[in-house]
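S.K.: Sequence:
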Amino acid sequence: MIGYREMIVDLVLLDLQDFDVILGMDWLASYHASVDCFGKRVTFSILGQPDFSFEGKHVDKPLLGRHILIVRDYPDVFLDDLPSLPLEREVEFTIDLAPGLALISKALYRMTPMELKS
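If you count by the UniProt record's numbering, then the sequence shown holds residues 1 to 118, one letter each, in order.
Be aware that a few hints might be false.
Said to hold, decoys possible - Taking lysine to aspartate or glutamate and the EDC-like style, the derived pairs with C-alpha atoms no more than 20 Å apart in a straight line are:
1) Lys-40 to Glu-55
2) Lys-57 to Asp-73
3) Lys-57 to Glu-88
4) Lys-57 to Asp-15
These aren't lab readings, by the way, just hints derived from the structure by calculation.
Treat the numbers as computed from the prediction; the structure is a model and nothing was measured.
Go ahead and model the full structure; you've got the sequences and the hints to work with.
M.R.: The following block contains the structure:
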């Protein structure tokens, strides 16, 4: 619910340092939304309804798991403390080829005759 308007949305809580909110382009387009990043405002222009908008506000305390509806509905499945995302790690990953074999290099799609000429 945004104000008194009911809108279908699938929210996922992520502990991301660089983002405040992630809104999908398909979802925004389905509600004819305009995003004002500087004003931290999203305005909706749904056909046949008056325009409405909402603004983001800074929250000082973190959102706890018990405040999330799905977590409240299934407390036996979720941890009391939500773990953060794993730290960035440099992982060395290789696939060793058998002796005498080489990598196969193929185009991901068929090229048109015009593309083949260039």
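S.K.: Each hint should be assessed against the structure and marked as holding or not.
M.R.: Against the structure, the hints:
For a cut-off of 20 Å, the pair hint linking Lys-40 to Glu-55 stands: about 6 Å separates their Cα positions. Using a Cα cut-off of 20 Å, the hinted pair Lys-57 and Asp-73 is violated, with the two alpha carbons roughly 27 Å apart. Proximity of Lys-57 to Glu-88 is assessed by CA-CA distance (about 29 Å); at most 20 Å being required, the pair is judged violated. With a CA separation close to 17 Å, the supplied pair Lys-57 and Asp-15 stays within the 20 Å bound.
Comparing the model with each earlier hint shows violations of hints 2, 3; every other hint is respected.
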